[in-house]
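Asks: Residue strings, one per chain:
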Amino acid sequence: MSGVPENAPQHCPGTESADAGKASACAGCPNQNICASGVPAGPDPAIEIIKNRLSNVKHKIIILSGKGGVGKSTVTSLLGHALSKLNPDINVGILDADICGPSQPRVLGVRGEQVHNSGSGWSPVYVTDNLSLMSIGFLLSSPDDAVIWRGPKKNGMIKQFLSEVDWGDLDYLLIDTPPGTSDEHLSAVQYLSQAGVTGAIVVTTPQEVALLDVRKEIQFCRKVGLPIIGVVENMSLFVCPNCKSRSEIFPATTGGAAQLCAELALRPLGALPLDPLLARACDAGADFVRELPHSPAVAALGRIVAEIVNICNERNGS
Amino acid sequence: MLENVKQVILVLSGKGGVGKSTVSTQLSLTLKEKGFKVGLLDIDLCGPSVPYLLNLEDQNIHQSPEGWVPVYLDKEQKLGVMSIGFLLKSRNDAVVWRGPKKTSMIKQFLEDVYWQDLDYLIIDTPPGTSDEHITVMENLRQVPQCSAILVTTPQEVAIEDVRKEITFCRKTGIPIMGIIENMSGYECPTCSECTNIFSSGGGKSLAEISKIQYLGCIPIDPRVGALAGKGLAAIKELPECTTSKVFNELANKLSESNINGS
Ligand SMILES: Nc1ncnc2c1ncn2[C@@H]1O[C@H](COP(=O)(O)OP(=O)(O)OP(=O)(O)O)[C@@H](O)[C@H]1O
Ligand SMILES: [Mg+2]
Ligand SMILES: [Zn+2]
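So the protein lines, in turn, are chains A and B.
Residue 1 is where the first sequence starts when you use the numbering used here, and the numbers rise one by one after that.
Residue 1 is where the second sequence starts when you use the numbering used here, and the numbers rise one by one after that.
There could be a bad hint or two in this list.
As the list claims (entries may be wrong) - Okay, derived cross-link-like pairs now, DSSO-like style, lysine-lysine, Cα gap no bigger than 27 Å in a straight line:
1. B:171 to A:153
2. A:22 to B:89
3. A:223 to A:51
Source of the hints: derived by calculation from the structure; they are not laboratory data.
Using the sequences and the accompanying hints, generate a full structural model.
Replies: Printed below as a string of structure tokens:
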């Protein structure tokens with residue numbers, strides 16, 4: 001959003017300014033209340049604590065998408081499984097930063113597990129020997145429990161997750177996020193500002209309603225200085241289980257992720273087909289990568305993972 | 001607040017991407033086709049889809065002495081729309097706001113839009129149970145003629161989030177009118193075999209378990225998908241398709257409950 005709204009008075013200090021809502025020009029402006037309420041946060045001591053806590057995590061990757069339901073959580077879990085299978089010595093952690101709609105406990109098949117607080121912090125739940133997860137889902141007593149929290153409380157939770165989970169040594173920490181460009185995203189980026197985030201992986205589906213929000217997410221990344229590793233297009237093609245023909249369920253009327261990447265100079269990481277068995281596996285919490293190693297989705301995933309590993313190594317080397 | 005609105009309907013879902021905005025726009029268009037006067041308020045501040053879906057992306061909101069004048073889809077002003085999308089300079093602009101700022105924007109949307117007399121005000125929401133939802137619920141508590149429609153897709157990951165949304169509604173005291181299941185099946189264009197991509201029936205069983213009215217299921221229909229961005233009503237363009245039937249029935253249910261004075 002630009003610094004000066006269209007309906008602002010002549011001497012508007014800009015919505016990003018420290019005087020926003022408080023300057024004399026703001027009197028009578030329809031946006032005054034909004035501007036005045038955006039309390040800018042001072043530097044938080046947690047930022048330094050988080051930096052130390054995560055100093056043994058090599059690559060920190062945030063999975064984002066402006067749009068809901070495009071497969072952020074699915075892609076996160078698939079990447080977790082695939083990365084941890086590259087080599088038993090690779091350790092992968094997943095942090096579910098979706099506070100109101102945590103999907104990872106189900107998708108990774110560890111619903112109902114408990115997290116324990118030990119002297120060195122919360123220990124995450126281990127999905128396999130080298131894949132661990134932390135999610136608010138583990139802290140709720142029933143699946144019907146709703147987390148009805150406004151921003152500041154969600155931010156507090158994310159701060160705790162980042163500063164108090166004892167991940168041990170990790171090669172990859174994957175952070176799954178809710179849709180949008182609001183508290184969870186701002187907090188994650190802010191709290192990780194000294195810890196060195198490798199970058200964001202942006203997930204989209206091919207249709208324009210999704211791309212529209214994803215463009216906003218990319219603007220968000222650029223605004224907060226979060227590097228973008230690349231874009232994964234999900235649910236690209238549907239392969240009919242009956243006749244094996246391919247069709248576009250969500251047609252890319254505006255060129256899909258390829259066009260988006262070309263337009264905004266982003267790196268396409270690959271495309272995952274829409275596979276009903278994958279949706280089933282997510283619901284059942286099954287490890288799709290192990291169960292269907294020869295499916296087109298797993299083949300596509302392999303290429304995406306190789307690309308991500310390369311980029312991470314490049315960034316680490318430089 | 002909203003004294004001149006006969007019925008307020010919140011379209012909710014805990015989960016993202018289940019079709020809230022499609023349901024909101026098609027429901028609004030259906031009611032408009034039936035001759036009602038309808039307002040559509042989009043409170044998804046970070047990802048407003050309504051202006052795009054209704055082909056209103058270049059329109060602007062104007063100020064009048066009575067408040068913000070919504071954008072009208074038609075000359076007769078049967079369907080008025082308000083969205084933050086109309087306040088952004090470019091469609092790529094991101095609204096990177098924390099909760100308090102979103103809260104004041106939504107308050108303004110609820111208080112300062114000059115809707116005139118409306119039969120229905122449909123409110124499209126973002127996913128989740130956070131600032132936007134808490135603010136709307138707090139403000140609508142004073143509005144007795146308000147109820148919610150929950151949208152879900154059939155798979156467990158979605159149902160799980162919708163269960164949280166039900167808890168949310170019950171806690172905040174908003175009556176739930178019913179549950180719609182979206183994206184139930186997909187018909188292969190080559191062999192016509194219908195695949196339940198995201199399984200099916202999840203919405204129906206959820207409705208049964210939670211004793212909520214089941215409002216029907218909408219398949220994945222690329223013809224309906226193609227109406228996105230055009231602002232066309234499915235019941236007018238594709239009167240025979242399942243989607244149109246579901247919306248037609250839903251609109252009838254709404255107007256009946258209106259006559260009953262509930
Ligand atoms: N490639 C795919 N093939 C089939 N189903 C998929 C695929 N990707 C995702 N899904 C299914 O689509 C649904 C939405 O995916 P997911 O929950 O990962 O999205 P999300 O972006 O995390 O959503 P939210 O915004 O609500 O967090 C899930 O049921 C998932 O199983
Ligand atoms: Mg998710
Ligand atoms: Zn087929």
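Asks: Give me the numbers of the hints this structure contradicts, sorted from smallest to largest.
Replies: Per hint list: zero violations.
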